[in-house]
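**Student:** Residues per chain, in single letters:
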Amino acid sequence: MASIQLSGLTKFYGKRRGVEDVSLEVGDQEFLTVFGPAGAGKTTTLNLIAGIVTPDRGSIRIGDKTVDALEPADRNVAMVFESYALYPQFTVYQNMAFPLRSPKHRLPATEVEQRVRHFATMLKIDHLLDRQIQALSNGQRQRTALGRALVRRPDVFLMDEPLSHLDAKLRHSMRAELKEMRSQLGTTTIYVTHDYLEAMSLGDRVAVINQGRILQVGTPEEVYFRPATVEVAQLFGDPEINLIEAKIRSRQSTSVRVQALGEDWSFPITPEIGSALDKLPGDNVQLGFRPADVMVGVNGNSSLHGVVYSFEPLGTKSVLTIDSVAGQRVRALVDGHRTFQVDRRIEFSVPSASLIFFDPESTRYLVRSTRTEGDD
Amino acid sequence: MAELTLKTLTKVYTQAQSPAVDQLNLAVRDGEFIALLGPSGCGKSTTLRMVAGLESVTSGEIRIGNKLVNDLHPKDRGVGLAFENYALYPPLKVRDNLAFNLRAHGLGAKEINRRVDEIARTLQIQELLDLKPAALSSGQKQRVNMARAMVRRPSVLLLDEPLSHLDARLRVELRTEIKRLHAEQRFTTIIVTHDQLEAMALADRIAVMNEGVLEQFDTPLEVFNHPANEFVAGFLGEPPMNIFRTVVADAGRLVIPDTDFALPTTPAVKKLIGSRKELKLGIRPWGIRVSQTQTDGSVPGVIVVVEDLGDETRVGVRYSEVLIMSSIPVTRRYRPGLPVFLNFNEEDLNLFDPTTGERLSDGSDGSSQPAHETVGKNEIQAPVTR
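Protein chains in written order, with our numbering: chain A, 7 to 382; chain Z, 226 to 611.
Bound conformation, chain Z alone:
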């Protein structure tokens, strides 16, 4: 187990294209679980492959522990790798699949057996040891795959979309198992995923990437509650955050032109808005309360869509092109056509610069903040030890 440090790590495939990974800085603590999250093509897999040694580094540094590993052979880096596709050796029994790399490293038979049995217990695959891969279900294969990555006791465990081939039920089950396993074993782990729920559920910290660039690196709740920019805000959360353009009208009200949407703002928010004439407003569906009673600061509207989803009800109110969706506790009270009032908690509002997409934060007044700083407008932040 070890720390992993990436310093201005860059990968350029051809000069004609922008870098696949662009000046990535990332410090992973010993025992920490990090998720690289982003859409396809964001550079997350390339980053992982560079750490694994499967991809050359254009510039920058990869350090595991204190050792620079840029030029080390993959097998000498002390990393364990589990891919989305299992890549188990079909003619070998599970036991031999697990032992394969240990034998290659010259471990004695006794020690190999001891380690294989131990990891099999940990991943609950003891009864599979004498089967061949073809006899395994996809969930079992993925467990074996992870066991193979872990049996070498790597300094860093690298997981590349290990759950995305599995059906929904298995995915949730194995996600829980991985989380549990990490709580017990504290392997330094990096998982690559495009599934924001997976990243949120598993990681101590999430590195959100887009087009080769790190957009934000912070705890799941910080990334979720205080997204650094519009991209991060839109990428995390299901149902997605409502994000729409508003005009700053008189008295600092935020308005969707030619509609009833006019949201009064407090002095603190006005200060954030500064001299801007427009901004993007972001609000998560759970941050909106729907009511039939007008209150101070509530916004009138008419329901256009209601979704009854069992554990929750979603209510949509339309303002011209903007459909604002809210998630509320299950109710039968609301139907399309009903006039209602939407209430927004100030602390749940996210304000983004309409041009840069950066989150508005104190003192910025139009200038964009660096992506790695997530300063919430509401001053109070969970302490993050770095």
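Bound-form chain A, shown alone:
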């Protein structure tokens, strides 16, 4: 058990930035996901903590000690990789027991057996202990790799995309099972992923990273509903968030009239939004809204107009791409039972509670309505 503190971690590979000035605190027993696209610096961060890579600058504390000078083996961290890195000639049991037989972590045989069986049961591979690795499915291999990390009872788990090799179906179920197991583990964990669903599902908090820099650290709700920048907003959600430029025409205390998507429309605002808009230097603001929040052609109270550009059913939901009056495309996620003809004229609206306001210059988050996230 331990907290982790990263201070100003910087690592360049020649001229290429691995990470720069990464500072992060992970609480004892916290599960932090590090999320970003390929090449963002996620794995570098993990390798720095593990001691596999040496930083140019910065410092790492695990628990109450600075580990900068410690060898990887002395940091008491356990890593789980995307590639399982199991010993193919060994059985599941031998793979799991392996770390406990190394000179550093040597344990008595009965203790080894007890631990292996305990974690094998938790991971539902206790019936496979005598199986060779070659005879396992991908999911079973991943469980074995997790088990091998777990048996050491490390201070810190470092997991590098452990589910990304699995097919989509297995990934969903393994993710849910991993989340279910989390409470039994109680070990401080840093989990790297490029999958926003994994990041949101598993993390107590999510550190969003891109191009070697941390963009935001927050709870899944915060990064999704109050993204620090436009870039963060775009990294969460599929299809991506809609982003439009709006020009403020007039403003009352409880409502605002804007020109956006080629039309004049107005919507109610909270005092919080009002004061955020007051601080803007100009009349322009950038608005973001998720495809799932777009209301299409319901009850005639829709304020916006468009033409169906494309309609893509996905089963439970369908993606509707709308050409707005201004020509800019808007994506809506609609119920799978509805169908839309291409080129048909439709009306749509965006509930004001789902609008996220960004500064058009800095692209930083300004404000959104506080009535969100399905509070009951």
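Worth flagging that the hints you see were computed from the coordinates, not collected in a lab.
The beta carbon of each residue, even a glycine, is placed where N, CA and C say it ideally should be.
Heads up, some of the hints might be wrong.
As the list claims (entries may be wrong) - Using 20 Å as the maximum straight-line C-alpha spacing, the simulated PhoX-like pairs for lysine-lysine come out as follows:
1) Lys292/Z / Lys232/Z
2) Lys130/A / Lys175/A
3) Lys318/Z / Lys357/Z
4) Lys175/A / Lys323/A
5) Lys323/A / Lys404/Z
6) Lys505/Z / Lys175/A
As the list claims (entries may be wrong) - If you want a taste of the chain A side facing chain Z, the calculated C-beta under 8 Å gives, among others:
7) His178
8) Lys185
9) Glu186
10) Pro226
11) Glu228
12) Glu246
13) Tyr315
14) Pro319
15) Gly321
Chain A is fixed; fit chain Z onto it per the hints.
**Tutor:** Relative to chain A, chain Z alone:
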């Protein structure tokens, strides 16, 4: 543009192995968009390559229009082909890449230019015409690649995983563009993909393949809502369908042994179950309602996992080895440890034979249905004109 008919199309590489494609029958209508969907090794690419003429046919027929094309050279079949890897000629400008095949077919320079400009407009690559492939992004390359396949105005357009190299954002964008393009141009199109969302989004009908065999051929919503068998049910849908084994207990209740899971059934379902003692139950995560109030037919359970995913909340309830996941509108009400009740809509239930994996349908009572017939248990079906 033309119809495409495959009759008992078969490909055997070596006698030692089972056929890569086994007696495939498929009738693609003029202007229709068909997806060949399945896991790697299911025979979908082999099928496409046989249609293209890049792979010989062991037995069976390929007809484009009314013409048997089995023995025709690829360039004489009137097919346009776009692969996952772009295979553009690096030293040639985009314009010349597009014109290459037209020149080979002896078209005049004026006509070639007219066609190249037209297709460039359609695919929005006009400003790329004077660039070489190396200067293009991966999304642009894929557009050029598709343009090259379409510029010859093929009878049938064949797309082999055209989107799978692209990053998520581009994939969604180009998917929309392809869908739009098809709505405008109505090329008879076959796309090969392992991505079920891509197949659902694009195709008029989906041919689901597995181990060389056609498992189901129907509209996306029919394949999604009434999968012909357990394989199709498991392959389509994200998050995946919950599929688990139940025992038929007294009064036709479906039970997961030694757990609280006991689902009462209606007479219609009982009739489907027939004399079976066991069956596989399939239910999509969106087909389950979670509630804290017990109602008639609800199943009690305790939440073991909650995933807050922004636009939706997923709630997992465990019954021994079975973790049942539901997708519900965003809520903060549920946390692990909370006792709840799961409600299942009868029309969302999928029942499969535990041995054959075939969907249970009226009158079958243990005998399996042919894979191409998708008869839903709830009688009402979207009319499918064939």
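**Student:** Determine for every hint whether it applies to the structure shown.
**Tutor:** A quick look at each hint next to the structure:
With a C-alpha separation of about 13 Å, the suggested pair Lys292/Z and Lys232/Z falls inside the 20 Å cut-off, and the hint holds. Simply put, Lys130/A and Lys175/A have alpha-carbon atoms about 18 Å apart, close enough for the 20 Å limit, and the pair holds. For a cut-off of 20 Å, the pair hint linking Lys318/Z to Lys357/Z stands: about 4 Å separates their Cα positions. Restraint check for Lys175/A and Lys323/A: satisfied, since their Cα atoms lie roughly 18 Å apart, inside the 20 Å limit.
With a C-alpha separation of about 16 Å, the suggested pairing of Lys323/A with Lys404/Z holds against the 20 Å cut-off. Taking the CA atoms of Lys505/Z and Lys175/A, the gap is near 18 Å; set against the 20 Å cutoff, the hint holds. Contact between His178/A and chain Z, as hinted, is supported at the beta carbon level, the nearest pair being about 5 Å apart and thus within 8 Å. Contact between Lys185/A and chain Z, as hinted, is supported at the beta carbon level, the nearest pair being about 5 Å apart and thus within 8 Å.
At a threshold of 8 Å, the smallest CB-CB gap from Glu186/A to chain Z is about 4 Å, leaving the interface hint in force. Residue-level restraint check for Pro226/A holds (minimum Cβ-Cβ distance to chain Z is 6 Å; threshold 8 Å). At its closest, the beta carbon of Glu228/A sits 11 Å from a beta carbon of chain Z; the interface hint therefore is violated under the 8 Å criterion. Look at Glu246/A: its Cβ gets to within about 6 Å of chain Z, closer than 8 Å, so that hint holds up.
Proximity of Tyr315/A to chain Z holds as hinted, the smallest CB-CB distance being about 6 Å (cut-off 8 Å). Interface restraint check for Pro319/A: the shortest CB-CB distance to chain Z comes to about 6 Å, inside 8 Å, so the restraint holds. Among the interface hints, the one on Gly321/A holds; its C-beta lies about 4 Å from the nearest C-beta in chain Z, closer than the 8 Å criterion.
Consistency note: the structure conflicts with earlier hint 11 alone.
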